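Residue numbers (the numbering used here), protein chains in the order written: chain A, 1 to 343; chain B, 1 to 298; chain C, 1 to 306.
No lab work stands behind these hints, which were simulated from the structure alone.
Small disclaimer: the values here were computed from a predicted structure and weren't measured.
One or more of the hints may lead you astray.
[Stated by the list, open to error] Short, incomplete list of chain C residues facing chain B, as computed with Cβ under 8 angstroms:
| id | residue |
| --- | --- |
| 1 | V15 |
| 2 | L29 |
| 3 | L140 |
| 4 | V278 |
| 5 | L281 |
[To be verified] Okay, the calculated beta carbon distance ranges per label pair:
| id | chain 1 | residue 1 | chain 2 | residue 2 | range |
| --- | --- | --- | --- | --- | --- |
| 6 | B | D65 | C | E41 | 30 to 40 angstroms |
| 7 | C | A254 | B | I41 | 37 to 47 angstroms |
| 8 | B | I41 | A | L284 | 34 to 44 angstroms |
| 9 | C | G75 | B | R34 | 51 to 61 angstroms |
| 10 | C | M1 | A | T89 | 31 to 41 angstroms |
| 11 | C | A66 | B | Q243 | 32 to 42 angstroms |
C-beta atoms are modelled at their ideal positions from N, C-alpha and C, and glycine is treated no differently.
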Amino acid sequence: MENPKSIIKVEELQTSFYTHKGEIKAVDGVSFDVPSGKTLGIVGESGSGKSITSLSIMRLLEDPGKIKGGKITFNGEDLLAKSESNMRTIRGNRISMIFQEPMTSLNPVFTIGDQIAESYMIHEGLSKKQALRKALGMLELVGIPSPKDRLKAYPHELSGGMRQRAMIAIALACNPELLIADEPTTALDVTIQAQILRLINGLQEELGMSMMLITHDLGVVAETCDYVAVMYAGKIVEYADVDTLFKSPKHPYTVGLLQSLPRHDIDQDELNVIKGMVPRPDDLPEGCRFAPRCPFATRLCEEKLPSLDDIDDKNQVRCWIYNDQWDGPEVNVKDDYRTAQSD
Amino acid sequence: MPETTVNVSTQNTKRINPQLENFKTMWRKLKTNRVAMAGGILILFFILVSFIGPLLTSLDPNSPDVSSRLQSPSSEHWFGTDNHGRDIFTRIIHGMSITLYIGFSSVAIGMVVGVFIGIMAGYYGKRTDAILMRIMDVFLAFPGILLALGIVAVLGGSINNVIIAIAIFSIPVFARIVRGSTLSVKKLEYIDAVRALGASDARIIFRHILPNILSPIIVQATLRVATAVLTASGLSFLGLGAQPPTPEWGAMLAAGRNYMWEYPHIALFPGLAIVAVVLAFNLFGDGVRDALDPKIKS
Amino acid sequence: MFVYTIRRLIQTIPVIIGVTLVVFLMMHLIPGDPAQIMAGERADEVQVEQMRDRLGLNDPYYVQYASFISNAVQGDLGNSVRSGRAVSSEIGARFWVTVELAFYSTLLSIFIGLIAGIVSATRRNSLLDMFIMIFALFGLSMPNFWLGLMLIQYFALRIDWLPVSGWGSPEQLLLPVITLGTAGAAIIARMTRSSMLEVIHQDYIRTARAKGVPERYVIYKHALRNALIPVVTVVGLQFGVLLGGAVLTETVFAINGLGRFVVEAIRMRDFPIVQGSVLVLAMLFVFVNFLVDLSYRVLNKRIELD
Numbered sequence: 001m002e003n004p005k006s007i008i009k010v011e012e013l014q015t016s017f018y019t020h021k022g023e024i025k026a027v028d029g030v031s032f033d034v035p036s037g038k039t040l041g042i043v044g045e046s047g048s049g050k051s052i053t054s055l056s057i058m059r060l061l062e063d064p065g066k067i068k069g070g071k072i073t074f075n076g077e078d079l080l081a082k083s084e085s086n087m088r089t090i091r092g093n094r095i096s097m098i099f100q101e102p103m104t105s106l107n108p109v110f111t112i113g114d115q116i117a118e119s120y121m122i123h124e125g126l127s128k129k130q131a132l133r134k135a136l137g138m139l140e141l142v143g144i145p146s147p148k149d150r151l152k153a154y155p156h157e158l159s160g161g162m163r164q165r166a167m168i169a170i171a172l173a174c175n176p177e178l179l180i181a182d183e184p185t186t187a188l189d190v191t192i193q194a195q196i197l198r199l200i201n202g203l204q205e206e207l208g209m210s211m212m213l214i215t216h217d218l219g220v221v222a223e224t225c226d227y228v229a230v231m232y233a234g235k236i237v238e239y240a241d242v243d244t245l246f247k248s249p250k251h252p253y254t255v256g257l258l259q260s261l262p263r264h265d266i267d268q269d270e271l272n273v274i275k276g277m278v279p280r281p282d283d284l285p286e287g288c289r290f291a292p293r294c295p296f297a298t299r300l301c302e303e304k305l306p307s308l309d310d311i312d313d314k315n316q317v318r319c320w321i322y323n324d325q326w327d328g329p330e331v332n333v334k335d336d337y338r339t340a341q342s343d
Numbered sequence: 001m002p003e004t005t006v007n008v009s010t011q012n013t014k015r016i017n018p019q020l021e022n023f024k025t026m027w028r029k030l031k032t033n034r035v036a037m038a039g040g041i042l043i044l045f046f047i048l049v050s051f052i053g054p055l056l057t058s059l060d061p062n063s064p065d066v067s068s069r070l071q072s073p074s075s076e077h078w079f080g081t082d083n084h085g086r087d088i089f090t091r092i093i094h095g096m097s098i099t100l101y102i103g104f105s106s107v108a109i110g111m112v113v114g115v116f117i118g119i120m121a122g123y124y125g126k127r128t129d130a131i132l133m134r135i136m137d138v139f140l141a142f143p144g145i146l147l148a149l150g151i152v153a154v155l156g157g158s159i160n161n162v163i164i165a166i167a168i169f170s171i172p173v174f175a176r177i178v179r180g181s182t183l184s185v186k187k188l189e190y191i192d193a194v195r196a197l198g199a200s201d202a203r204i205i206f207r208h209i210l211p212n213i214l215s216p217i218i219v220q221a222t223l224r225v226a227t228a229v230l231t232a233s234g235l236s237f238l239g240l241g242a243q244p245p246t247p248e249w250g251a252m253l254a255a256g257r258n259y260m261w262e263y264p265h266i267a268l269f270p271g272l273a274i275v276a277v278v279l280a281f282n283l284f285g286d287g288v289r290d291a292l293d294p295k296i297k298s
Numbered sequence: 001m002f003v004y005t006i007r008r009l010i011q012t013i014p015v016i017i018g019v020t021l022v023v024f025l026m027m028h029l030i031p032g033d034p035a036q037i038m039a040g041e042r043a044d045e046v047q048v049e050q051m052r053d054r055l056g057l058n059d060p061y062y063v064q065y066a067s068f069i070s071n072a073v074q075g076d077l078g079n080s081v082r083s084g085r086a087v088s089s090e091i092g093a094r095f096w097v098t099v100e101l102a103f104y105s106t107l108l109s110i111f112i113g114l115i116a117g118i119v120s121a122t123r124r125n126s127l128l129d130m131f132i133m134i135f136a137l138f139g140l141s142m143p144n145f146w147l148g149l150m151l152i153q154y155f156a157l158r159i160d161w162l163p164v165s166g167w168g169s170p171e172q173l174l175l176p177v178i179t180l181g182t183a184g185a186a187i188i189a190r191m192t193r194s195s196m197l198e199v200i201h202q203d204y205i206r207t208a209r210a211k212g213v214p215e216r217y218v219i220y221k222h223a224l225r226n227a228l229i230p231v232v233t234v235v236g237l238q239f240g241v242l243l244g245g246a247v248l249t250e251t252v253f254a255i256n257g258l259g260r261f262v263v264e265a266i267r268m269r270d271f272p273i274v275q276g277s278v279l280v281l282a283m284l285f286v287f288v289n290f291l292v293d294l295s296y297r298v299l300n301k302r303i304e305l306d
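Excised from the complex, chain A in its bound form (with noise of 0.2 angstroms):
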């Protein structure tokens, strides 16, 4: 994952949960950079870490999650060796982050225009006022109607759509290098989340921001991201670029994600569904930790965990089947995938 211009780089992180019942560790070992301008997509399904990512980045854990190991450089900077005020100079500011969940990521007691506002006064010292005219500049970039009038109003007299655009006027508000954006539209209809989309793609191109999208919805990550990241079970199992992974996708969690869509150009009786759950994670297998569900999966899987190699310079892939050591048959995971998932 070698990039020249970075604007974010990850390596290694750990980041573990401390319970009553002992370690669970959520991230385990992830490494990826953002290079600048670009976007990257992170996905995976529930519980597979790629949130606890986002906020280990932000270092906004709560207990009892605690970052274990690694290294966040954000330009240049070592994110993880900042003091909890330095860093908070850079939340809201440099790096910004969007919820999922537009209908409880706003203070419902405060003013949207307060809410936006409060950035400002933060991180600009500007007094209320300035602040506020500020803050009606980023309801019209985002383009909420009538701004002047939204500015006063209070969360629950906006619609999700309309919510999820005031909490990008606020994530934006600072012009930041990096937008973390965790599952922006998930909440939202299907309408709106397009519009949201674009909207971020859009302003994303105007100011110039690198963005990180966390998602699991691959429709999502074609229509935004350069590159792609895909988590399972806390670890990142296959990178590459967008058109690589959604042409010649390798490992059989990605074609596995990809099958599971719903396609227009063929009739489909039934959507593959991937079968089995995602392990939990005080819980995780001993080996490849996709194996339990892994249509190929060999002794080999099961006992041992692959590593995260590069294949053909194109794709990085954390699978058994592109190693040496690899006992099983020769498969193409792409076209075999349905028939052995099948068997």
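On the provided structure of chain A, position chains B and C as indicated by the hints.
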């Protein structure tokens, strides 16, 4: 291409499992809650004391003994003696059963009536609901113990009247909570299914609604016993409840009032006894609430 | 807000009617002959008949109720059967004492309760939190009259700092207000704590942190404003408990307020006084609840008119 959007994750569909929350599962949850267990053990201990205690104490709680008036605590009289020379420890032990009797019976009556009203209001809704709940609102408009005070004023002061007063005073509290819970249970799909199968109202209420709203009722009942004990002792303290020489703790405090300035032990120990019992029920109620019904707030 | 105020006002009307009805019925629910009871056991036939006449017990119920209401609206709550003086003037003199006592006690319980609750929530599971919560549990398990007696015993008699009884001077206020305010402080502290702990895990708190809001403001601006909403309801309910508790506190401290007055009237079987006092206290509580609902509405932007 927003049409391609699909939810890959195994989305947990929000369907509430209409499981009957039977006592076994309640007990399992309770067992692990240390606060509830501590309160529960204390309550059991107090119940035991109320039965066995009077058999173990050799002194008579009510007969005066002028020769040993107003003695400070000693090995002979653990909590000292009162102005009539009666052993305060003995009187407190004998008073335990009175306190628990008032607490349990008043709450039991209030609970039965309140639950009935609450279920009627919640289940039948509309006019029934509006009328019943407006009546409950009227009772709730009397601040604190004032309603109990008014009832005792009408009926006259005695232990049984105190029980009736506190029972009436508890009804609206139960009715409100039960109405709310009934409304939320009634919305569950399976209640519709049961009704479609032709179950009678009575069957739906007793077999399907009541078992599902037991948790908040139990929590409220426990906490209400604590309130009932406090209210009853207050009424007796005012001379409107248990009458002397009954060893009721509030009445003991009232009787000892004129002597407590010089002999503080007369007022100290009956008060501590009230605190101990109320504390036990509050502890148990808190624990039960955390264990069974983390969502409801006091 | 105006519409809400009006609607809320209209909602109180049936409650007020119900309260007057209950208070009116008090006299008629007395087992036996109220006239006989109030005239005293030794009263002869003629005296009892006079009492019956004075109380208007010979009229049909609805006439009695109508005159009760129309008199009450005009401020006439009848006359004491003992002193013969107007109930309204007897109450008026004592009403403000009780209001003062309840008001200061409420202030104290809000003040102590909020601080203790916030400290407990922000230092969750610390020793201080445990100490506060144990203290609060005792606070709400103590009968206030007993607490009053113990405070007098220690602060007034043992170390002689404060007066034993009475009402008026600041020194006289202190012990009764602590006595009456303690349980409320305990309840508000517990409520504030649990409400804060719930709010602190909400998504919008994470949003505030993600904005770079300093933790101090996250707690005192973003979290507290939301956590206070349920606490307001508790304060309102607590005011009622407190008004009832005033009866006991006033008795313990020999304060010449409405609460102690009621108890004396009950002992003297002076029912017009009991009726009048109960009615006034209930009306005060209804009024305070109305105010609490309005402030709840101001704090909570989300509730809709229903």
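Failing hints, ascending? none
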